[in-house]
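My request is simple: use the sequences and hints to build the entire structure.
First residue of the sequence shown: 35, per the numbering used here; consecutive thereafter.
One or more of the hints may lead you astray.
[Said to hold, decoys possible] 25 Å max Cα-Cα, derived BS3-like pairs, lysine-lysine:
| hint | residue 1 | residue 2 |
| --- | --- | --- |
| 1 | 81 | 162 |
| 2 | 80 | 57 |
| 3 | 163 | 106 |
| 4 | 81 | 163 |
| 5 | 198 | 163 |
| 6 | 45 | 90 |
| 7 | 151 | 162 |
| 8 | 521 | 437 |
| 9 | 57 | 529 |
| 10 | 491 | 57 |
| 11 | 521 | 470 |
| 12 | 80 | 151 |
| 13 | 151 | 81 |
| 14 | 491 | 437 |
| 15 | 521 | 57 |
| 16 | 533 | 520 |
| 17 | 521 | 533 |
| 18 | 336 | 470 |
| 19 | 90 | 104 |
| 20 | 529 | 491 |
| 21 | 90 | 106 |
| 22 | 104 | 81 |
| 23 | 271 | 303 |
| 24 | 470 | 437 |
| 25 | 472 | 336 |
| 26 | 57 | 520 |
| 27 | 106 | 162 |
| 28 | 520 | 151 |
| 29 | 162 | 104 |
| 30 | 81 | 106 |
| 31 | 163 | 80 |
| 32 | 151 | 138 |
| 33 | 154 | 106 |
| 34 | 154 | 138 |
| 35 | 491 | 533 |
| 36 | 151 | 163 |
[To be verified] Distance windows between CB atoms, simulated:
| hint | residue 1 | residue 2 | range |
| --- | --- | --- | --- |
| 37 | 344 | 502 | 35 to 41 Å |
| 38 | 278 | 189 | 40 to 46 Å |
| 39 | 198 | 92 | 51 to 57 Å |
Hints were generated in silico from the structure; no laboratory data involved.
It should be emphasised that the depicted structure is a prediction, and the values quoted were computed from it without experimental measurement.
We put the CB at the ideal spot given by N, CA and C, even for glycine.
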Amino acid sequence: MISLFLVEDEKISREGIRNIAWKENGILYLGDAPDGDIALPQILEKKPDILLTDIKMPFINGLQLSQLVKEKLPDIKIILLSGYNEFDYAKQAISIGINEYLLKPVSSTDILNSVNKVKKEIETLRQKKREEEYGLTIQHQLFLNALFSGYLLDTSDIIRYAEKINIHLYSQLYQVLILHIAADSGFLMLDKYRTFLMPPIAVLAFIYNNSEIIYLLQSDNSDQLTAMCSDLENWIKNQATIQNLRVNFQRGTIVRRISDITKSYNSAKTSFISENKEQLTSSLTSIPFKREDLLEFLRIGKISTIECFWEYYIPTISQALNSIIYRYYLYTEIFFTAAHFVEEMGINLSTPLINIDQLKDIVLQNDSIEKFNNFVYNLFSQVMTLRDEISTEHSIPIAMQAKRYIDNNYANPDLSLSSVANAICTSPNYLSTVFKEKIGTNFSEYLTEVRIRQAEKLLATTDLSISEIALRVGYQNINYFSMTFKKVTGNSPSKYQRKKV
Numbered sequence: 035m036i037s038l039f040l041v042e043d044e045k046i047s048r049e050g051i052r053n054i055a056w057k058e059n060g061i062l063y064l065g066d067a068p069d070g071d072i073a074l075p076q077i078l079e080k081k082p083d084i085l086l087t088d089i090k091m092p093f094i095n096g097l098q099l100s101q102l103v104k105e106k107l108p109d110i111k112i113i114l115l116s117g118y119n120e121f122d123y124a125k126q127a128i129s130i131g132i133n134e135y136l137l138k139p140v141s142s143t144d145i146l147n148s149v150n151k152v153k154k155e156i157e158t159l160r161q162k163k164r165e166e167e168y169g170l171t172i173q174h175q176l177f178l179n180a181l182f183s184g185y186l187l188d189t190s191d192i193i194r195y196a197e198k199i200n201i202h203l204y205s206q207l208y209q210v211l212i213l214h215i216a217a218d219s220g221f222l223m224l225d226k227y228r229t230f231l232m233p234p235i236a237v238l239a240f241i242y243n244n245s246e247i248i249y250l251l252q253s254d255n256s257d258q259l260t261a262m263c264s265d266l267e268n269w270i271k272n273q274a275t276i277q278n279l280r281v282n283f284q285r286g287t288i289v290r291r292i293s294d295i296t297k298s299y300n301s302a303k304t305s306f307i308s309e310n311k312e313q314l315t316s317s318l319t320s321i322p323f324k325r326e327d328l329l330e331f332l333r334i335g336k337i338s339t340i341e342c343f344w345e346y347y348i349p350t351i352s353q354a355l356n357s358i359i360y361r362y363y364l365y366t367e368i369f370f371t372a373a374h375f376v377e378e379m380g381i382n383l384s385t386p387l388i389n390i391d392q393l394k395d396i397v398l399q400n401d402s403i404e405k406f407n408n409f410v411y412n413l414f415s416q417v418m419t420l421r422d423e424i425s426t427e428h429s430i431p432i433a434m435q436a437k438r439y440i441d442n443n444y445a446n447p448d449l450s451l452s453s454v455a456n457a458i459c460t461s462p463n464y465l466s467t468v469f470k471e472k473i474g475t476n477f478s479e480y481l482t483e484v485r486i487r488q489a490e491k492l493l494a495t496t497d498l499s500i501s502e503i504a505l506r507v508g509y510q511n512i513n514y515f516s517m518t519f520k521k522v523t524g525n526s527p528s529k530y531q532r533k534k535v
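Below is the structure:
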């Protein structure tokens, strides 16, 4: 949460500003002081993101205070409150780097608007800084793929591309360390990888193939390189223990040439597979297979959208197809999911979908993603044809599919008719028509209803601020959220929250 500190010598003004609904607007109010002399040590200790200060005060005035604070906290944002007679005086603030100044008398709304403007600037800068720190840019990923895949073999090409994205490879020795986080650790979200992308030692860290983190270490001394690798492994173990994660890692060989970095990676990969072969072929629960997702599609999907659905689903399990045991597990799980759905519909088949004795042969013969996709398509087509024979009304499944998608994704601020239509493989116009017809309300009204009802629950059962709740239910603009909430419920969020206390 963005924090704020106030310096104001007028007691009435200070108390009035103190009582603004800061928490509801996503601001942490750190405190206040009557003059710059008292304020300075508190500001340096508490390090607020925003300083809101009057100009004309005893001892240290607002401009002097701002200059002193800026020297120690250069990233702090400062908003000045200026009386009419000091307006020209306030212009001097430009050279100090003041972000905003407000002319007294000033209302709570004016102050909030100014603070929210600065708050947005801070959040934008923080996001940009995070992206720069983690180095998760397309250029980095392209370079990494080329380097470790062996597409860049010429040393001069590697150095030239690396320098373009501010990566420096000038050491005499290089070594790769691969970290693999077990899928059942629930650690596959990109932002959750970030802990491991910022180790305490100077190494390059990249996410590779959405399942690994690769560390590239470099040094001019082999003993130092070995020590660095040991330190990194110990740090990874500690982080994994803290976050209750299962991890595996493996070192590659030390190489002398930049063009041989791919050899270090391949040796680490080979060692990893060899040492973890038993685990890789027995930990079937680590596959991110979700039977309910398949059942849901079989219930409400269309035959024409099987490929679309499967293209979305297959990346989560494609790597598992390299293991015969994993393939057998996936084929049988998908087969029994389809059989369960047929049973759920109450359909009695004169001949089975597949003879269970044939599954082993199917697994051995279908060892590629393309063959696996064909198996799924044929099986699903057979099942969904049976389903459609007993239910010709297909507009209801489309509408229900959209409804469920909204129920599961209402927190996404970018959720729209087009994005939902794209997700369920239909057109926005068609979805709009059938949604209104089958659900009884239009898309926008239903989305708003879901978001506001979820907001009501959070207001009644949590201590979250109104701005935090707004974000959790898909609203980035707190003012728009408050207006919509009042329109739907008849109360403002703050009033509703007080009534439930």
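Tested hints:
| no. | hint | verdict |
| --- | --- | --- |
| 1 | 81 <-> 162 | holds (21 Å) |
| 2 | 80 <-> 57 | holds (17 Å) |
| 3 | 163 <-> 106 | holds (20 Å) |
| 4 | 81 <-> 163 | holds (18 Å) |
| 5 | 198 <-> 163 | holds (19 Å) |
| 6 | 45 <-> 90 | holds (14 Å) |
| 7 | 151 <-> 162 | holds (17 Å) |
| 8 | 521 <-> 437 | holds (22 Å) |
| 9 | 57 <-> 529 | holds (14 Å) |
| 10 | 491 <-> 57 | holds (19 Å) |
| 11 | 521 <-> 470 | holds (21 Å) |
| 12 | 80 <-> 151 | holds (22 Å) |
| 13 | 151 <-> 81 | holds (19 Å) |
| 14 | 491 <-> 437 | holds (20 Å) |
| 15 | 521 <-> 57 | holds (22 Å) |
| 16 | 533 <-> 520 | holds (14 Å) |
| 17 | 521 <-> 533 | holds (17 Å) |
| 18 | 336 <-> 470 | holds (20 Å) |
| 19 | 90 <-> 104 | holds (18 Å) |
| 20 | 529 <-> 491 | holds (14 Å) |
| 21 | 90 <-> 106 | holds (22 Å) |
| 22 | 104 <-> 81 | holds (11 Å) |
| 23 | 271 <-> 303 | holds (19 Å) |
| 24 | 470 <-> 437 | holds (11 Å) |
| 25 | 472 <-> 336 | holds (17 Å) |
| 26 | 57 <-> 520 | holds (19 Å) |
| 27 | 106 <-> 162 | holds (22 Å) |
| 28 | 520 <-> 151 | holds (24 Å) |
| 29 | 162 <-> 104 | holds (21 Å) |
| 30 | 81 <-> 106 | holds (10 Å) |
| 31 | 163 <-> 80 | holds (22 Å) |
| 32 | 151 <-> 138 | holds (18 Å) |
| 33 | 154 <-> 106 | holds (23 Å) |
| 34 | 154 <-> 138 | holds (23 Å) |
| 35 | 491 <-> 533 | holds (13 Å) |
| 36 | 151 <-> 163 | holds (19 Å) |
| 37 | 344 <-> 502: 35 to 41 Å | holds (37 Å) |
| 38 | 278 <-> 189: 40 to 46 Å | holds (42 Å) |
| 39 | 198 <-> 92: 51 to 57 Å | holds (55 Å) |
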